[in-house]
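*Asks:* Chain by chain, the residues run as shown.
2 protein chains.
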Amino acid sequence: MLSVSRHSLSIIRKPILCNSSQGYIGRSHLLSISTMSASTSNKIYVAVIGVGLVGSELIEQLLSIPRQTTPFELISLTSSTRTIFDAANPIAPGAAWKSLLAASAQKPDYKTLTEQLAALVAPNQKVAVVDNTSSDDVAALYPAFLEKGISVVTPNKKAYSGDVGLYERILNASKASGARFLNEATVGAGLPVISTLKELVATGDKVVKIEGVFSGTMSYIFNEFSTGKPDGPAFSSIVSIAREKGYTEPHPADDLNGFDVARKLTILSRTISSGSRTQTALPALQSFASVQTASLIPSALEGIPTGDEFISRLPEFDAHFSQLRADASAEDKVLRFVGVVDVAGGIVKAGLEKYSTTHPFATSLGGSDNIIMFHTERYGARPLIVQGAGAGAAVTAMGVLGDLFKLV
Amino acid sequence: MLSVSRHSLSIIRKPILCNSSQGYIGRSHLLSISTMSASTSNKIYVAVIGVGLVGSELIEQLLSIPRQTTPFELISLTSSTRTIFDAANPIAPGAAWKSLLAASAQKPDYKTLTEQLAALVAPNQKVAVVDNTSSDDVAALYPAFLEKGISVVTPNKKAYSGDVGLYERILNASKASGARFLNEATVGAGLPVISTLKELVATGDKVVKIEGVFSGTMSYIFNEFSTGKPDGPAFSSIVSIAREKGYTEPHPADDLNGFDVARKLTILSRTISSGSRTQTALPALQSFASVQTASLIPSALEGIPTGDEFISRLPEFDAHFSQLRADASAEDKVLRFVGVVDVAGGIVKAGLEKYSTTHPFATSLGGSDNIIMFHTERYGARPLIVQGAGAGAAVTAMGVLGDLFKLV
Numbered sequence: 218m219l220s221v222s223r224h225s226l227s228i229i230r231k232p233i234l235c236n237s238s239q240g241y242i243g244r245s246h247l248l249s250i251s252t253m254s255a256s257t258s259n260k261i262y263v264a265v266i267g268v269g270l271v272g273s274e275l276i277e278q279l280l281s282i283p284r285q286t287t288p289f290e291l292i293s294l295t296s297s298t299r300t301i302f303d304a305a306n307p308i309a310p311g312a313a314w315k316s317l318l319a320a321s322a323q324k325p326d327y328k329t330l331t332e333q334l335a336a337l338v339a340p341n342q343k344v345a346v347v348d349n350t351s352s353d354d355v356a357a358l359y360p361a362f363l364e365k366g367i368s369v370v371t372p373n374k375k376a377y378s379g380d381v382g383l384y385e386r387i388l389n390a391s392k393a394s395g396a397r398f399l400n401e402a403t404v405g406a407g408l409p410v411i412s413t414l415k416e417l418v419a420t421g422d423k424v425v426k427i428e429g430v431f432s433g434t435m436s437y438i439f440n441e442f443s444t445g446k447p448d449g450p451a452f453s454s455i456v457s458i459a460r461e462k463g464y465t466e467p468h469p470a471d472d473l474n475g476f477d478v479a480r481k482l483t484i485l486s487r488t489i490s491s492g493s494r495t496q497t498a499l500p501a502l503q504s505f506a507s508v509q510t511a512s513l514i515p516s517a518l519e520g521i522p523t524g525d526e527f528i529s530r531l532p533e534f535d536a537h538f539s540q541l542r543a544d545a546s547a548e549d550k551v552l553r554f555v556g557v558v559d560v561a562g563g564i565v566k567a568g569l570e571k572y573s574t575t576h577p578f579a580t581s582l583g584g585s586d587n588i589i590m591f592h593t594e595r596y597g598a599r600p601l602i603v604q605g606a607g608a609g610a611a612v613t614a615m616g617v618l619g620d621l622f623k624l625v
Numbered sequence: 218m219l220s221v222s223r224h225s226l227s228i229i230r231k232p233i234l235c236n237s238s239q240g241y242i243g244r245s246h247l248l249s250i251s252t253m254s255a256s257t258s259n260k261i262y263v264a265v266i267g268v269g270l271v272g273s274e275l276i277e278q279l280l281s282i283p284r285q286t287t288p289f290e291l292i293s294l295t296s297s298t299r300t301i302f303d304a305a306n307p308i309a310p311g312a313a314w315k316s317l318l319a320a321s322a323q324k325p326d327y328k329t330l331t332e333q334l335a336a337l338v339a340p341n342q343k344v345a346v347v348d349n350t351s352s353d354d355v356a357a358l359y360p361a362f363l364e365k366g367i368s369v370v371t372p373n374k375k376a377y378s379g380d381v382g383l384y385e386r387i388l389n390a391s392k393a394s395g396a397r398f399l400n401e402a403t404v405g406a407g408l409p410v411i412s413t414l415k416e417l418v419a420t421g422d423k424v425v426k427i428e429g430v431f432s433g434t435m436s437y438i439f440n441e442f443s444t445g446k447p448d449g450p451a452f453s454s455i456v457s458i459a460r461e462k463g464y465t466e467p468h469p470a471d472d473l474n475g476f477d478v479a480r481k482l483t484i485l486s487r488t489i490s491s492g493s494r495t496q497t498a499l500p501a502l503q504s505f506a507s508v509q510t511a512s513l514i515p516s517a518l519e520g521i522p523t524g525d526e527f528i529s530r531l532p533e534f535d536a537h538f539s540q541l542r543a544d545a546s547a548e549d550k551v552l553r554f555v556g557v558v559d560v561a562g563g564i565v566k567a568g569l570e571k572y573s574t575t576h577p578f579a580t581s582l583g584g585s586d587n588i589i590m591f592h593t594e595r596y597g598a599r600p601l602i603v604q605g606a607g608a609g610a611a612v613t614a615m616g617v618l619g620d621l622f623k624l625v
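Just so you know, the sequences run in chain order A and B.
Per our numbering, the first sequence starts with residue 218, numbered consecutively.
Per our numbering, the second sequence starts with residue 218, numbered consecutively.
The hints are simulated quantities; they were obtained by calculation from the structure and are not laboratory data.
Please note that the accuracy of each hint is not assured.
You can't tell identical chains apart in this list, so a pair holds if it fits in one copy or across any two.
[Claimed, not checked] With a straight-line cut-off of 27 Å between C-alpha atoms, the simulated DSSO-like cross-links for lysine-lysine are:
hint, residue 1, residue 2
1, K260, K623
2, K423, K623
3, K392, K260
4, K462, K328
5, K423, K392
Could you put the whole structure together from the sequences, leaning on the hints where they help?
*Replies:* Next up, the structure:
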């Protein structure tokens, strides 16, 4: 009932300019007049895929913008089981969107969604999809969205850190149609990391090296484990506490393998290569798997199917990690799991490194903060540093909404 | 000879779309065909006022963008004594722009420039002025530019930190015409400070407090002077060295009075107030002079006319500053000259404060770095931090060029 027929969508394509205030209506009204013809308002139509933690927060932030000033019209929601679409009657601030979605009988259908959104694109009418999932399937749709002029905004790392073929199709589709692909929240969540890197590169600065703690989970674990002293709590106990606090994935190996960091490095590396005016020495990464990643999973624990079993066996390797900590301490250093994009050296790598106890990675870092250092030609003597919470629904959704504002 | 007549400008207003590559020509060609009719290309016309250190660097960065990909056409330069304007023949990458400008017989005439630029504004034709001066006179022109649809990009703090009347005229003119006022480089130069603050506010985060070292000069002086130890070099000797290195203004009192920091705090404070959805407790600052600024100039040295005399008498007050350092050290603290925008408390202040030797202002700061901490509702437990060089021509010009890219 909430989806608009193909017939009424064809009406929407005509650039009818009118006061948009009537487009915002309460739920009961919405249900009763969902067949009214649509009107465009030059606001950006937004379709949200994924209504989990980040998606819900994004929707709340989007709907909290006063209706008088919002540049957005939220016209579609898609969960793993349901979808709603109504360009004529955007979801109003304060609307019970969860109930609306739960009441829908429509199953997700990305082909139809793509067609519905494509039908709205017009010279003065922007349309954007927000993908809040971590799905490879949704990521695979980006080229189709972009080709049709639909911009894509996402915190989902899969596409830009995955197979180079998909990455290149995204670049080409965006270039061909002019629709934008924005993924600030894929690295550092709401922290200005991608935008800062893009600006450095676009304005002609030369990135020498990016070095950082990119995983909130790894940050927490090593901030707790390695403070410069020769001893401290056991590695397994900290991982176990982190898991209980929800800082790790249900299976901690999904953090300790370093793949999350490798994906972020792939995104940064590709952002440099695609924006740089000159050939860089950076390798053309086939995917995030091409990053030199030193996993923290002891080889004896590779492939353990459950997080519980993994946690129960991790203490067998505490002595190993304690020795690493003691060795670092003997050099007055701490251990940090870092990612490095060494543009000059042509190396992209993730792994455990030692840093002086006076280094910002030791002195300034705490909690589950991310910290990213940009060493560039212009920031030559001392790097440009961005630091702060790099995970969490509120700051991730903020990074996504910030990208949406860039489309305005 | 290089300026376009009013007659040929009227031709430009017609939206003639054509290949823009012929618009880029070398100097001799430019001189010979400056009377050819202009063509628009949907690139953004850029007029640069101020060709000093920052202005020259901005022009170089702008012209270093490959002509195939640049979204800009540099059509006018204005120094304190000369001006050139030629919308039909943008200044080409590699052009000897300094010679072009030096060869011009045209004196600066802002009224004519405003009219010339206004004549170029069209629905599909953006026009921007870049003000690289620190002039109050140029700042006073912003409302006139903005009213006519000409966007303004500037590292000049004067307008946004000056009298509230000018500030409000800028806001209103921008709102009325849709032309944008962008001033990223006024705080932290190329560091993402204003853009980060705008995004926090636009996405609905609540800023609790911004606290930072906003002056590169003050950063250098106190990083050298106060390291946590009870003694060290004399205050006057560090100021003297800073002056010799060019880190201070010719008259160091122009740094030590704290006005530069007060101006930056005014800009941040107004950026919060203008973007916030709810009333804040922040005072409506009449100008930067309304900021509670604790000057470091000893009252006996107020009004000393020359920098040389000021420097020669500063040692009389070394004992005073040494005592402050010793007192801080006794508490295991360092001295830093900081700016604070306390949104919750409704206070905007600049002055010398003490920070623990484990605080990032003590551990992470060095050289003449700026560091800015955003304490917000979403970044609750730990602040969002931006750090790096906050002054210098290359990074300031980068901040300006980054703003120009936001117009694309």
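*Asks:* None of the hints should be skipped; say for each whether it holds.
*Replies:* Hints and how they fare:
Taking the closest pair of Cα atoms, K260 and K623 come within 27 Å of each other both inside a single copy (13 Å) and across two copies (19 Å). Proximity of K423 and K623 under a CA criterion of 27 Å is satisfied in both settings, with 24 Å inside one chain copy and 20 Å between copies. Taking the shortest alpha-carbon separations for K392 and K260, both the intra-copy value of 23 Å and the inter-copy value of 17 Å come in at or below 27 Å. Taking the shortest Cα distances, K462 and K328 never come within 27 Å of each other, neither inside one copy (39 Å) nor across copies (63 Å).
With identical chains, the CA atoms of K423 and K392 are at most 27 Å apart within one copy only, with a shortest distance of 23 Å there and 36 Å across copies.
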